[in-house]
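Novice: Protein sequence lines correspond, in order, to chains A and B. Under the numbering used here, think of the first position of the first sequence as 538, with each following residue one higher. Under the numbering used here, think of the first position of the second sequence as 29, with each following residue one higher.
Hints may contain errors.
Said to hold, decoys possible - Within a straight-line C-alpha distance of at most 20 Å, the following computed EDC-like cross-link-like pairs (lysine to aspartate or glutamate) qualify:
hint, chain 1, residue 1, chain 2, residue 2
1, A, Lys693, A, Asp624
2, A, Lys693, A, Asp601
3, A, Lys719, A, Asp631
4, B, Lys303, A, Asp685
5, A, Lys693, B, Glu338
6, B, Lys178, B, Asp168
Stated by the list, open to error - Facing chain A, according to a computed beta carbon distance under 7 Å, are these residues of chain B, among others:
hint, residue
7, Thr93
8, Arg108
9, Thr114
10, Gln118
11, His121
12, Phe156
13, Leu198
14, Gly306
Please keep in mind that the hints were generated in silico from the structure rather than gathered at the bench. Model, not experiment: these values are computed from the prediction. Even glycine gets a Cβ: it sits at the ideal position worked out from N, Cα and C.
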Amino acid sequence: MLSYLFAMVVRVLVGARPQWIGCKPTPGLRIYYANHSSHLDTLALWCALPRSLRATTRPVAASDYWNRGVRAYIATHGFNALFIERDRGKREGDPLEPLLQALASGQSLVIFPEGTRRAQALPSAFKSGIFHLAAKFPDAELIPVYLDNLYRSMPKGTLLPVPLTCSVRFGAPLARVAGESKDAFLERARQGVVDLA
Amino acid sequence: MLSMQEKFYWLFGGIGVLLAIASIVGGLLRRRLPDSATVANLVARVRAWWVMVAVLAACFLLGRTATIVLFAIASLFALREFVTLTPTRQGDHLPLVVCFYVLLPVQYLLIGDDWYNLFAIFLPVYGFLLLPVLTTLGSDTGQFLERVTKLQWGLMITVYCVSYVPALLLLKIPHYGDNLLLVIYLLLVVQISDVLQYVFGKLLGKHKIAPIVSPSKTVEGFVGGGASATAIGASLWWITPFTPVQAAGLAAVIVLAGFLGGLALSAVKRSLGAKDWGSLIEGHGGMLDRLDSVSFAAPVFFHLTRYFFEP
Chain A
538 MLSYLFAMVV RVLVGARPQW IGCKPTPGLR IYYANHSSHL DTLALWCALP
588 RSLRATTRPV AASDYWNRGV RAYIATHGFN ALFIERDRGK REGDPLEPLL
638 QALASGQSLV IFPEGTRRAQ ALPSAFKSGI FHLAAKFPDA ELIPVYLDNL
688 YRSMPKGTLL PVPLTCSVRF GAPLARVAGE SKDAFLERAR QGVVDLA
Chain B
29 MLSMQEKFYW LFGGIGVLLA IASIVGGLLR RRLPDSATVA NLVARVRAWW
79 VMVAVLAACF LLGRTATIVL FAIASLFALR EFVTLTPTRQ GDHLPLVVCF
129 YVLLPVQYLL IGDDWYNLFA IFLPVYGFLL LPVLTTLGSD TGQFLERVTK
179 LQWGLMITVY CVSYVPALLL LKIPHYGDNL LLVIYLLLVV QISDVLQYVF
229 GKLLGKHKIA PIVSPSKTVE GFVGGGASAT AIGASLWWIT PFTPVQAAGL
279 AAVIVLAGFL GGLALSAVKR SLGAKDWGSL IEGHGGMLDR LDSVSFAAPV
329 FFHLTRYFFE P
C-alpha cells in the first residue's frame, strides 16, 4: 500500500517513464545498474519497474543515508531496500555479503556502481563491486539503465525535488567476456550506460 | 429556458455522440488501412479525447473547487514539461522550487478566494520580480538573463495564462450564473478549432502557412477549421450570456488567438529542440501540446468578456 502510494507521488514528481530499449521487463535473475545523480534515482528506477518485478527486485541503498529515521521506513516499506555499508570503519567482513545472499535467494538487484551521486549527465568511473557480483553470478543478466534529468530535479544538497519528466531507459544485457580484466569490464559496463544517454 | 443541469447534459451528450462517431470512423479506417500510422494516431487521439472529456465532465459535476484543482494540476504538468525541455542549472533550483510549490498553488488559491485584483497581477508583478532575486541567490551569473527569462516565460504561459480558464468562474455577469458553462464554451471552441483545422488540413491542405515553424498548419486547414469552429461557437450561444452574433465574434477571437498561440508555442518548442512537449497524453504529445492554444485564447476571451459583459 505504502509502496503503491509512493510510486504515485514519484510519477507525479518525475514521471519515471520506463523505456525498455534493449530488453523486456521479464522475471529472471538480473542486476540493474544505473548512473547515480540524485536521491530520487532509486525511487525512480523502482517505480519504472512493473509491479510484478518490484516484488523480487531489491534496490541497494547506502546505509549511512537511507537507514535513518523516516528514510529507513521509506526504504524498507516503500521500496524494499537492501542496505550496504559505505563507511569502511563500520564494515564487518565483506560489504557485498548481503547482496550475494539476495542474489543467491533469487532476488534481482538495483545498484549504482559509481558509489556516490554526481551532478552530471554521464556517469563517472565505476567501483569494482559490480565486477565481483558479476563474477560470482555468471548467469545473472547485467542490465544497464540510464536515468536522465534527475540530477536537475534534485541536485546534491537540496531538499525538495523539482518536478521534471525523467525517463528510465533499460538497455540490452551486458555481454559476458571470458577472462576479461576488471578494468576492461568496468569500462565496458559504464559504456553500456553511456550508450543509453 | 433550460436549467444549467439540462444544458450540461445536452452539451456532454452531444460531445459523446461526436466522439462515438469519431471512434466508429476510426475503427472502420483501421480495418481498411491497418498499417497506416496516421490512422493509428487518429485512433489514439480519439481514445485520449474520451478520457479528457470524462475527466472534465467529472470535475464540472463536482463543481467549482474541483475545476480549479483540475487546472492547477494541468498547469503543474505543463510547467513540468516546459522545465524539462529548458536547460536549467544547479543555481536555478530555488526559483524552480518556488515556482512549483509556492507561485503555482497561490495563483489558483487566489481564484478559489475570489480575489481578482491580486490574481491578475500576482505573477506579472510579484512573480516577475521575485524570480530574478531568487536566482541571484544561486550565485551563478552564467547566462543569468536567459535562465531567468525562460523561467518567467514558462511560468506566464503554463500557470498565468492557463489559470485564466478557471478564472472565468470569477466573472460576475448580470442574469448569468452558469460560469462553468463559460469554461466549457471556451475549451470546446478552442479544441474543436484545433481538431477541425487538423481534419481540414489533412483532407484539403495544400498551402503551408509556416512551413518551418509548424509544418502541419495550412491555409485550407485554418480557414476551413476556423470558420467551422466559429460557426459551432455561434450555435452554442444558448450556454453563454451572449447573443448569437456576439458568440460568433468571440468564437472567432478564440479561434484566432488559439491559432496564433499554437504557432508561437510551436516556435518555442522547436527552439528548445523538441517535436512534442512530452508524452503524457497518448497520440497528442504532452499536456502543453493540448494547452498551447488554450493558453493564448483564455486570457483574451476572459478580458473581452469582462470588459464588455461585466457592468
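Novice: Tell me the numbers of any earlier hints that the structure contravenes, in ascending order.
Specialist: Of the numbered hints, 5, 7, 9, 12 and 13 do not hold.
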